[in-house]
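Asks: Read top to bottom, the protein sequences are chains R and Z.
First residue of the first sequence? That's 1 in this note's numbering, and the numbers climb one at a time after it.
First residue of the second sequence? That's 1 in this note's numbering, and the numbers climb one at a time after it.
Hints listed in this document are in silico derivations from the structure and should not be mistaken for laboratory results.
Certain hints may be false.
To be verified - PhoX-like mimics (lysine-lysine), calculated; alpha carbons at most 25 Å apart, straight line:
1) Z:Lys667 - R:Lys544
2) Z:Lys544 - R:Lys696
3) R:Lys544 - Z:Lys696
4) Z:Lys733 - R:Lys733
5) Z:Lys458 - Z:Lys72
6) R:Lys86 - R:Lys100
7) R:Lys320 - R:Lys275
8) Z:Lys90 - R:Lys733
9) Z:Lys90 - Z:Lys100
10) Z:Lys367 - Z:Lys348
11) Z:Lys331 - Z:Lys258
12) R:Lys667 - Z:Lys544
13) R:Lys667 - Z:Lys733
2 protein chains.
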Amino acid sequence: MMKRNSKQYFSLPSIIGRGKGWVFCFLLTTFTVMAQEHKPFTLHDLIPGGETYHQCTPQNSSYTWWGDQCVKLDVDTLKVWNPAEKSQAKVLVQLDQVNKWLEAADKKPARSLQSVSFPYADKSWMLLQVSREYILLDWQTGKVEWTLPIAEKASNRDWNKTSRHLAYTVDNNLWITTAEGKNIQVTDEPEGIKCGVAVHRNEFGIETGTFWSACGQRLAFYRMDETMVSDYPQVDTDARTAEYNPDKYPMAGTASHKVTVGVYDIATGKTLYLKAGDPTDRYFSNIAWSPCGQYIYMMEHPREQNRAELVRYHALTGEKDAVLITETHEKYVEPMTPITFLPWDDTKFIYQSQQDGFNHLYLYNNKGEKLSQLTQGDWLVQQLVGFNQGRKEVIISTTEVSPLQSNLYAVSVKSGKRRPLGNSEGVHSVVLSASGDWMIDRYSAPQTPRRIEVVSVKTGKMIDTLLEAPDPWDGFNVPEITVGTLKAADGETDLYYRLVKPVDFDPTKKYPIVVYVYGGPHAQMIHNSWNYDVRGWDIYMAQKGYVVFTLDNRGSGNRGLEFENVTFRQLGVEEMKDQMQGVAFLQSLPYVDSNRLGVHGWSYGGFMTTNLMLTYPDVFKVGVAGGPVTDWKYYEVMYGERYMDTPQTNPEGYKNSSLLEKAGNLKGRLLVIHGGNDPVCVPQMTYSFIKACIDKGTHPDLFIYPGHGHNMTGRDRVHLHEHITRYFEDFLK
Amino acid sequence: MMKRNSKQYFSLPSIIGRGKGWVFCFLLTTFTVMAQEHKPFTLHDLIPGGETYHQCTPQNSSYTWWGDQCVKLDVDTLKVWNPAEKSQAKVLVQLDQVNKWLEAADKKPARSLQSVSFPYADKSWMLLQVSREYILLDWQTGKVEWTLPIAEKASNRDWNKTSRHLAYTVDNNLWITTAEGKNIQVTDEPEGIKCGVAVHRNEFGIETGTFWSACGQRLAFYRMDETMVSDYPQVDTDARTAEYNPDKYPMAGTASHKVTVGVYDIATGKTLYLKAGDPTDRYFSNIAWSPCGQYIYMMEHPREQNRAELVRYHALTGEKDAVLITETHEKYVEPMTPITFLPWDDTKFIYQSQQDGFNHLYLYNNKGEKLSQLTQGDWLVQQLVGFNQGRKEVIISTTEVSPLQSNLYAVSVKSGKRRPLGNSEGVHSVVLSASGDWMIDRYSAPQTPRRIEVVSVKTGKMIDTLLEAPDPWDGFNVPEITVGTLKAADGETDLYYRLVKPVDFDPTKKYPIVVYVYGGPHAQMIHNSWNYDVRGWDIYMAQKGYVVFTLDNRGSGNRGLEFENVTFRQLGVEEMKDQMQGVAFLQSLPYVDSNRLGVHGWSYGGFMTTNLMLTYPDVFKVGVAGGPVTDWKYYEVMYGERYMDTPQTNPEGYKNSSLLEKAGNLKGRLLVIHGGNDPVCVPQMTYSFIKACIDKGTHPDLFIYPGHGHNMTGRDRVHLHEHITRYFEDFLK
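Please model the entire structure based on the sequences and the hints provided.
Replies: Now the structure itself:
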């Protein structure tokens, strides 16, 4: 990590100056001026993918747990430290030594130790992946204890540390390599049916398609039949002759895929499917095993998404055993987290629900009886991190301190009593040790770029600092960034905004403004993390003399169910009303030039940007909309129908939220940008909008990033922000 | 046709003014000012597809021949006039009467008489197409003499007036409906093989895929196997979910289609294929029947296009009979016109060739012996229009008067003596009467919007004026348009340019310039037609204060073989040198602001525009490139390899002409526009260029017209020109 500050600059001339007086003077002058005036940022400093981006990002380090001992993971060295003993960190092993052992065992060398893990608290074994092989290596004896080959083309790998079996997919089918190295083809489905992968387009918290029972002897998996789903015709224009690469994409109101859940039993070598009935227009989510591996629990919900049931199945027969919990809501129920059994009592589990308006924890027994509500309040549980078994506490992160934060708590499962853990500032992310007695706590706060600490769960106190990252923007001319609240259009709800003033701010001047907007569910743009989560591009624009403003409107994340679901069946309407509250606030500021108001956003924010340009054509002068939704009928079934129902059942809502219908309203300058192969908001979104504008005689601008998906990543992200910036400079400056 | 002039404006107040004095004065003032200042054009006036475009286009009328009698075709009335008798025009028949006859025969009514024809000089029969039926109606007796149903989905219809059989295609196969109404399926090929349609992507003058023998008893047809050709993945984004609509598109250097020629014989009901050998990488073009229907002639040329042979086949056996003529050229031979037999001697035919450097006529006998060169000189024959049988003359149009013109001549087949026919000004297009004694001569010249005259072929003189179109731009403020010549970069060749000065031109001012460029083979932008063929958009830009300049560089059409083939294997290089001669000329003009030089072109002109922007980045400030070729490897085999050979045999040439290689040079503002479904210059052209620019960190602008092909047609063409204009106004003004 390079550090640029005045100290460093001043130290330089005194060395160079020893022999050459004139050089001394020249350099001294130059560096002094730089230190006073600060360096300007480039987009490469501020945008992920930029050449100097890592130098302008807070320093980071990798840590993990071996049982209750903390391990620092570097490329060349592993260091270990026992917080219980408050010992000095000592070297566990070095890469050279590891590679000597591997060579002796006729294995290929490892390139780095940064991604090893320690699956067994009671064994001095590290898990390495070298070339196409898993290796368990004993760092005390130097012995390779176990290896497992990784099949060619294996994707979606899921390894169970108890049985050491490996599940994975090849093309559209599911395979297992057993701990002994035997390859089993679990499914043999034709193209169009996918097994062992995440389903329902990763909605409902689904991230994987395989689920090992705790002991690793049974594997539950998703099977998704997409043969009835429309192909979206993506085209690869980078081939010699452009090639057709269709994606299955179920659009709102059209035929959706059918999911079933299979269970493969290593002992019998047989697969059965849970007898859940006709899978047409149904969702199966949040799969969890009972600790014994006898039962599978999952959430079942109809395509309408207005009900969800926790259902238990016999894993050995596939028979339905019981419906334990049923939730309904006139708008939608969105289960996001599988149930979690208490580690010390396998008859009880924790269930998460927004049923009281905020996501909270509920304790149930396995008869489906609610025993208690473990948390409650006008804040929400963000994550169930784990348990402290000794104290019988569940460790969670919540928004209790502030909706902009994420702080840790230990909650007594018996009493519901809550204890704060670690620093009360900022946004925290933790990794618990095996016993749950310790946690590696990584956080940032507005003035804190990054800290990594070890916290004692017992006392709730930090016992050691592993990293205190210096400010990577030291020496740069950083604009003033403030966060505040204003009232939503309902006159009651507090909304958070972030305001970035131009660098070298002069209150007597009038500045152009860019509103950066997202506005959709689940996401939140403003946090009490470093610099309030300001975006690099905001800083760049502030440097170019713009005020940059962001407001998390109703409908966005971390504020509870009613804050979110006010947008139901009419996406965009309430969100825009709130954004106009933000505009009114901006217009009240003496240094803001309301005639030069721009707006920019991506995805849902691209929808919002275009919608604002077309709904308030006399307010917004310039907009840049990226990967926008332009009509919800082109969006997918799972997310889209949750908020909008179907085009058939909510024709008015679809029509009112369609930007195609408003294409004739365009007055200002609007640049629409789309990834040429966007699989999320398909390119049809933008092309149909452009066509609607042409039909109406209006003139948006357009840019396509060939080959890119929903976001421009890598070095092209810098190009994207050059392009966006140029557009505002062309037409808003 | 609406005519706007001062007379009309002055007549208005005197009527309105009768009762209301103050209205009178107000209107008088207003209209007087308008009359003096002239009306400004809108894009709707100037661009095809615009709402008022037809009002600003020279008036036109439809005429045809019934034998040697001239017929005027109107919606409601047919009028006939006999030039030999210099009679008064009289009504032949009216629509009402025609529809009464049709109703009596239980036929549906005709909507218009504008597209009837008169196939038989000796019969008072008109051919109508009403609903899905051909009808021969006798206008003297009112009797329906013959009808033929048109099959559903019939395309590419080809009717023979002698046999009255109708050939057509349904999907990819060829059918015939006989004069008696019997349906015959001629071919039964699977998808991927097309029969009865134009092949070789309409190069080599190919416009149709069926060829009736003179008596209409045998049908030659193309069969094209495209199964080995790459699919270009076109996408219809206007469907509910975007749909995949692939086109077969053989790109330079990749597998090309295979063509064979079939002959169906009505008498035997059998099809044979000409025994031309392996069709791999060969072209079969310029199909012609011997007058007796016993032989088929065609040009055969290898994929390399450096040789062409006129070959004769027995139509009854498919056997090759003789190779009559062979032409070779180290660059390319491009046969464009089938041989034409003399109507009075079926042992002799006229062959057209550029072998002496210009396209001229040669008389051959059917042994393949050259009898004479009928025309010669540093000008070229543009069209063989027909024959005057009485005088044994062939009627042709040529560039003899000027390369910018097309004038008619009668050439004695015996002596080669040439007589001019009709007016020596402008660009003429004629239709000969049955005997060839008369012609309907339609032409325009710089000061003549359009004239239609009847010319006696015998005297060469005009004998009657059918139409003298008034100036549709009368009353508008039309800029000064001039044509001149300057020297090409070779220092010798004269090149023609057209210069449009800004309206209300002030020689003391400095004006921005837009160079409009095409520059590719076959085409020519400047003609001695009305206003020198100025484009409507040129006028619009002149009105906005731009100088608009166009230069037909070497490589373009109508100037002979060497003028064209100087570009061989290095498209763009010589063309750009010549365009820079034009720029030097512009820079010499005192009223031109060389710092504000823009360039615009489409297709080959899009290639030229982009190439100029990237090759002379300090000369051109703003460019708009439409449907550009960006790399010849993405263009088709037939046209592309003629000029460039293949990427395998001319790697240097392809690399040097590739705009992808120059993408990093972009300095000015370049807008690239492409039709979303362009089947000619495929969208990959633009997307690969945009990607190359992104890779190099340069920033072109982009616009896509979803659903459009190689050109924007209809009302969207106005939108296109609004968009192009705005770009120059944004960045060049």
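Asks: So, for every hint listed, does it hold in this structure?
Replies: Okay, the hints, checked on the actual structure:
1. Pair hint lysine 667 of chain Z plus lysine 544 of chain R holds up; C-alpha atoms about 21 Å apart against a cutoff of 25 Å.
2. For the proposed pair lysine 544 of chain Z and lysine 696 of chain R, the alpha carbon gap of about 24 Å is at most 25 Å, so the pair holds.
3. Straight-line distance between C-alpha atoms of lysine 544 of chain R and lysine 696 of chain Z comes to about 24 Å, which keeps the hinted pair within the 25 Å bound.
4. Restraint check for lysine 733 of chain Z and lysine 733 of chain R: the C-alpha separation of about 18 Å stays at or below 25 Å, so the hint holds.
5. For the hint linking lysine 458 of chain Z to lysine 72 of chain Z, the alpha-carbon distance of about 22 Å falls within 25 Å, and the restraint holds.
6. Pair hint lysine 86 of chain R plus lysine 100 of chain R does not hold up; C-alpha atoms about 31 Å apart against a cutoff of 25 Å.
7. Taking the CA atoms of lysine 320 of chain R and lysine 275 of chain R, the gap is near 6 Å; set against the 25 Å cutoff, the hint holds.
8. Proposed proximity of lysine 90 of chain Z and lysine 733 of chain R is contradicted: the alpha carbons are some 70 Å apart, above 25 Å.
9. With a C-alpha separation of about 20 Å, the suggested pair lysine 90 of chain Z and lysine 100 of chain Z falls inside the 25 Å cut-off, and the hint holds.
10. Between lysine 367 of chain Z and lysine 348 of chain Z the alpha-carbon distance is near 9 Å, which keeps this suggested pair within the 25 Å criterion.
11. For the hint linking lysine 331 of chain Z to lysine 258 of chain Z, the alpha-carbon distance of about 23 Å falls within 25 Å, and the restraint holds.
12. A distance of roughly 21 Å separates the Cα atoms of lysine 667 of chain R and lysine 544 of chain Z; the hinted pair therefore holds under the 25 Å criterion.
13. Of the pairs offered as hints, the one joining lysine 667 of chain R and lysine 733 of chain Z holds, with about 21 Å between alpha carbons and a cut-off of 25 Å not exceeded.
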